[in-house]
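S.K.: Below, each chain spelled out in residue letters.
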Amino acid sequence: MAWQEACDWVRGARGGQSPSKMPRDYPEIEYFKIPGQPVIKLIGIFVIAAGFALRLNTLLVVLASGIATGLVSGMSFNAIMEEFGRLFLANRYMTLPVVMMLPVVGLLERYGLRERAEALIRRSAAATAGRVLLLYTGVRQVSIALGINIGGHAGAVRPLLAPLAEGAARVCHGNLSKAMVERIRAHAAAAENVGNFFGEDIFIAVGSILLMKGFFDSLKIEVSSWSMALWGIPTAVAAFALMAWRTHALDRHLARDAARAAGAANPESA
Amino acid sequence: MSLLSLNSFYVLGGAFMLATAVRVASDKGHARRWSSALFWGLLGVSFVFGGSMPPAAAGYLVLGMTILAASGRVGLSRERSTGREERLESAERLGDRLFWPALMIPTTAIVGSLFFARIRWHGVSLVDSTNLSVTSVCIGAVLALGVGLRLTRAPVREAVGEGSRLVQAVGWALILPQALAALGGLFARAGVGTVVAGLVERALPTQHPFVAVAAYCLGMMLFTICLGNAFAAFAVITGGIGVPLIVHAHGGNPAIMAAVGMLSGFCGTLLTPMAANFNLVPVMLLELQDKNAVIRAQLPIGLTLFAFNLLLMEFCVYRF
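Top line first, the protein sequences correspond to chains A and B. Note that this note's numbering gives residue 253 to position 253 of the first sequence, counting from 1, and the numbers run on in steps of one. Note that this note's numbering gives residue 195 to position 195 of the second sequence, counting from 1, and the numbers run on in steps of one.
FYI, nobody ran anything at the bench for these hints, they're computed from the structure. Each statement offered as a hint is correct.
Over 12 Å on every C-beta distance to chain B, these chain A residues come out as not near it, computed from the model:
1) A126
2) R131
3) G138
4) C172
5) L176
6) R256
7) R260
8) A262
9) A265
Quick partial rundown of chain A residues pointing at chain B, CB under 7 Å, derived from the structure:
10) V62
11) G66
12) S73
13) R92
14) M94
15) V99
16) I150
17) H153
18) G155
19) R158
20) A186
21) M212
22) P234
23) A239
Negatives, chain A to chain B, calculated, CB over 12 Å:
24) A125
25) L135
26) H173
27) A258
28) A259
29) G263
Small disclaimer: the values here were computed from a predicted structure and weren't measured. Just so it is clear, CB atoms sit at the ideal spot from N, CA and C, and this is done for glycine as well.
Chain A extracted, bound-state conformation (with noise of 0.2 Å):
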């Protein structure tokens, strides 16, 4: 694992020195002397940067950096294929909740579940697309720092966000154009993964406190929980003030399209 291979290289590296040693008087040739660490390993991160340049398949390029990884790194075909097997198989549960909401998402999209929300919106006259999105942002942000997970793309963006950010966008503007139905969908994931992301470290309980705390542990350096959670507050709050001025931007940009779109269509009138 990287983890306790991380580990064990710091140590080993650090070991017997002083702490308060500066870096650079230790040989720089030490890291290429540590058994099995040469820089072809990087192999790997050059074929994702050469397939994504040369625009391939991205599943082709995952699986082709991770047979070249394994390859020179002294792992046989077959070997590579059992660990990857065994990581998609332990994997499973990041695709899982996506599948199981699906069916429930579709069918009631079936009966009207967006055409309702765009109708939810239109009672509220302050609603904005940008507006919308910004309190969806502040919601899951909170809810997340409070260790709720509610929320998410399948469950909760595409039935639900989007369509009233769309809803509130058609009250302002009348017909948005394809361009501008693209910028609101792409704005609502957006709303949802900066809520999701900077929300959730200020819950001692979730994921990335515990990651952050074993690793710790592993190291014999004490580091609470509270204090880490704490300072992942500062950056909650720009995370938000940011959204803010996206969304904002957002409603300008939209009134912008719209007041064009208009132009185009009355001529005399712009």
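Please arrange chain B on chain A, whose structure you already have, making use of the hints.
M.R.: Below, chain B without anything else, positioned relative to chain A:
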């Protein structure tokens, strides 16, 4: 002993994918009918039998799915849905009751993570307490489906059909998060991070405390961009750069370093297609034309927030 483990939902989800495979295979007008059906079939098999299949077999299943996807042989079948008029009419008829099932998923997830683990009798618990949150979401989805079917009086077939329409819209990107997680594991096993950390420390004048902070934050972001996962980057970069340089050499505060460092990694997650479940799956789910639309929307936030994190750490890590 527990009644509902994650594995029962893997089987259920897998069965849904197998049903998708059957629906694709029975669509006679589908240009890439058999190869598409094979893709969903293989994925279904990896879910249904994943608990007992040898890992190497799963590896070759992934290889097969990758070849099908990369050669462009996975396409959409024609699942017919309702038109807008029809949907407006039923939205009018069903009213706000349509929201109930949609809200049941998060409600069950909250209640589930709080209480499900405590429900047990005679040593048999209702829910396996490992992976409780994922299991709770799945239970919520099943309950919501039940309520939704009752509400709309639709047959189960209709829900499966709509579900397969959506899952096919996501397409092969659905398994990208799993494949990337597997790649991260392989990188870890090969020791890629240790090499990167060594190179960074060699290349930069890290005897200056502020350079150490910059190297650590940048390392977290860049490595997250490469791996698509801040957690994987954390162990590597904090072990290789953060702890030896910031904490040991310069006496920085480990709590501030770790918290802000992880969040610098999250800024990287906003910017990378490698974080497929956050940046690519939604593109497919929301049916966007531009594959990078979500990353593009997040770019200003990710970069500004990274600069904020960098300054925050520079000012605080050696002071508190």
